[in-house]
Amino acid sequence: MKVLVPVKRVVDFNVKVRVKSDGTGVELANVKMSMNPFDEIAVEEALRLKEAGKATEVVVVSIGPAQASETIRTGLAMGADRGILVKAEGNVEPLAVAKLLKAVADAEKPGLVILGKQAIDDDSNQTGQMLAALLGWPQATFASKLEVEGSDFKVTREVDGGLQTVKLKGPAIVTTDLRLNEPRYASLPNIMKAKKKPIDDKSAADYGVDLTPHLEVLKTAEPPGRKGGVKVKDVAELVSKLKTEAGVL
Amino acid sequence: MTTLLIAEHDNASIKDATNKTLTAAAALGADVHVLVAGANAKGAADAAAKLAGVKKVLLADNAAYAHDLAEPLAALIVSLASGYDALVAPATSRFKNVMPRVAALLDVMQVSEIIKVVSPDTFERPIYAGNAIQTVKSKDAKKVITVRTSTFAAAGEGGSAPVEDVAAAADPGLSSFIGEEVAKSDRPELTSAKIIVSGGRAMQSRENFAKYIEPLADKLSAGVGASRAAVDAGYAPNDWQVGQTGKVVAPELYVAIGISGAIQHLAGMKDSKVIVAINKDEDAPIFQVADYGLVADLYQAVPELTDALGKLGK
Ligand SMILES: Cc1cc2nc3c(=O)[nH]c(=O)nc-3n(C[C@H](O)[C@H](O)[C@H](O)COP(=O)(O)OP(=O)(O)OC[C@H]3O[C@@H](n4cnc5c(N)ncnc54)[C@H](O)[C@@H]3O)c2cc1C
Ligand SMILES: Cc1cc2nc3c(=O)[nH]c(=O)nc-3n(C[C@H](O)[C@H](O)[C@H](O)COP(=O)(O)OP(=O)(O)OC[C@H]3O[C@@H](n4cnc5c(N)ncnc54)[C@H](O)[C@@H]3O)c2cc1C
Chain A
9 MKVLVPVKRV VDFNVKVRVK SDGTGVELAN VKMSMNPFDE IAVEEALRLK
59 EAGKATEVVV VSIGPAQASE TIRTGLAMGA DRGILVKAEG NVEPLAVAKL
109 LKAVADAEKP GLVILGKQAI DDDSNQTGQM LAALLGWPQA TFASKLEVEG
159 SDFKVTREVD GGLQTVKLKG PAIVTTDLRL NEPRYASLPN IMKAKKKPID
209 DKSAADYGVD LTPHLEVLKT AEPPGRKGGV KVKDVAELVS KLKTEAGVL
Chain B
596 MTTLLIAEHD NASIKDATNK TLTAAAALGA DVHVLVAGAN AKGAADAAAK
646 LAGVKKVLLA DNAAYAHDLA EPLAALIVSL ASGYDALVAP ATSRFKNVMP
696 RVAALLDVMQ VSEIIKVVSP DTFERPIYAG NAIQTVKSKD AKKVITVRTS
746 TFAAAGEGGS APVEDVAAAA DPGLSSFIGE EVAKSDRPEL TSAKIIVSGG
796 RAMQSRENFA KYIEPLADKL SAGVGASRAA VDAGYAPNDW QVGQTGKVVA
846 PELYVAIGIS GAIQHLAGMK DSKVIVAINK DEDAPIFQVA DYGLVADLYQ
896 AVPELTDALG KLGK
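Sequences listed follow chains A and B, in order. The opening residue of the first sequence carries number 9 in the working numbering; numbering runs sequentially from there. The opening residue of the second sequence carries number 596 in the working numbering; numbering runs sequentially from there.
Worth flagging that the hints you see were computed from the coordinates, not collected in a lab. In this text, a Cβ means the ideal position worked out from N, Cα and C, and glycines have one as well. It is possible that part of the hints are untrue.
What the hints assert, rightly or not - Beyond 10 Å from chain A on every Cβ pair, some chain B residues (computed):
| hint | residue |
| --- | --- |
| 1 | Asn606 |
| 2 | Asn692 |
| 3 | Gly753 |
| 4 | Val761 |
| 5 | Ser800 |
| 6 | Pro810 |
| 7 | Asp827 |
| 8 | Lys875 |
Unchecked claim - Computed, partial: chain B to chain A, Cβ under 7 Å:
| hint | residue |
| --- | --- |
| 9 | Val673 |
| 10 | Ala778 |
| 11 | Asp886 |
Use the sequences and the hints to build the structure in full.
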């Protein structure tokens, strides 16, 4: 079974982004970029399936500017076998990403696609579900446990009230939650080896997908600020303030 | 122009998230119909019919909708979509799962987790863990929208809409339900609790959550939350996680105990009305958003606070 893992290049989770003063977006110049943390978890899970003899090949794919190849290299350094870069500039919405991923899946015929549950920049939480819809495959989002049963999958999902376990008929789509695994770091030898692994260069036009956005971003603004309040000296003062000043007790 | 609101419910009754989403749906300016999809869900449908402003309730009562499987639920919503200009649902785990599937089947770009309706096609939504607010205009003829419920007031009762049965859609039969572990608790749910007490990595164990956080929560009739670090370490169950990638809450009072205040955590609670932080590090970032900060060892301060509230008759 081949496993396809879409990986997205995003602003590193440690960076506190700043909104551009003209309201056209957030400041991305000279900001540290990394693989979306949920996608690291997805790559890790695919590698574990391969190490357990349940997967034969792990292919990472990214849609984005030329620099997205760095994100693919990160996946290759973790241990993925090869990469596909679909070049697309500017704002590519989840629906368009899903259409491109469908085209890639049609060509690659994976038994499983593992995505992140959300990208930490746009926080859309859509791409995996959309890809499942377009392929007509079952989906299990927010996975905290994944087991392969022949060509089917048993997946435990993190839901609002606790955990839910479902069975999917393969081929299927799974999106990762934080507790699925702890991703490995790439070792130096593996980073060197990754440089020789193949990355297939494609462009959105190769797949005939229309990338015209359905959403128009009118502006991007700072959220309303919140000021720190006071420090209280002890529990007694805290209780008295909560009671008389804040009125929440 | 009509809007279809897909209800969050437990078959017997509707959840608070539905009341809040109704406020957002009504702001679109069109009539609102409510879809209740479930198994033995007449009770929930009757409750939805009483919501103020609802014109009609559609009840899809079928075993296929018993377990929130995305494929049959998406098929049902798509089968009803032609009669509506907008499909709106709360951003709960059930609809985060199903609505993008609906959107893609309709070739529509979903607008995720809106926090404000600017006009029927223009919405505000947070990006980058709430560090920026985007105003987006949807060019799709049909809108698919999920709503961040913490920012909308709950609609009340006062309606008496008719309840109409709708047929189940063909089940694609791609997935099946195996089981669930749902914690039964008498505590308020995180997303509707008026007060929340949350613990972080500093709690050190599940036992300490039970010994320090829960008694305080009981005194305040509060819901219990946790940071990701506490959930990852196994001190608290996953459904307690508050933050960018957990639950987003905005209670009257949020008490953060032994939580440093990483941006991912703040994303989930910084819209709370009053924030209290107890942390032994006076430079912890959580104090930058806290209305009342107490620099103290939680193992001393929390039992003291619990006692003090007891003396107040709590
Ligand atoms: C230069 C630039 C400018 C942009 N400007 C805007 C803008 O103005 N407005 C705006 O809304 N967005 C903008 N984007 C982001 C772009 O629209 C997002 O890629 C798209 O919205 C996907 O949303 P998401 O990442 O939140 O999806 P999610 O559904 O949250 O992503 C979930 C998962 O899908 C997969 N995935 C998502 N995207 C990709 C990808 N590109 N390649 C491979 N796998 C992927 C990953 O596995 C990811 O974990 C910009 C991006 C770039 C590079
Ligand atoms: C992709 C991604 C998604 C994430 N999503 C989330 C999310 O949704 N929610 C979330 O919470 N985090 C999330 N995080 C993690 C986040 O970055 C932080 O790591 C996490 O919030 C830290 O949890 P904490 O504050 O409990 O732990 P720490 O940062 O370790 O803080 C512990 C605090 O306890 C204090 N302390 C220690 N002992 C005591 C004592 N005896 N008395 C009083 N105070 C004490 C310390 O001073 C410290 O400030 C995410 C991270 C990533 C990469």
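To see whether the hints hold, each was checked on the structure:
1. Asn606: holds, 13 Å
2. Asn692: violated, 5 Å
3. Gly753: The assertion about glycine 753(B) holds, with a minimum of 28 Å to chain A.
4. Val761: holds, 21 Å
5. Ser800: holds, 18 Å
6. Pro810: Proline 810(B) is indeed farther than 10 Å from all Cβ atoms of chain A, at 14 Å.
7. Asp827: violated, 7 Å
8. Lys875: holds, 13 Å
9. Val673: violated, 9 Å
10. Ala778: Because about 5 Å separates alanine 778(B) from the closest Cβ in chain A, which is inside the 7 Å limit, the hint holds.
11. Asp886: holds, 4 Å
The structure is inconsistent with the numbered hints 2, 7 and 9, although it conforms to all the rest.
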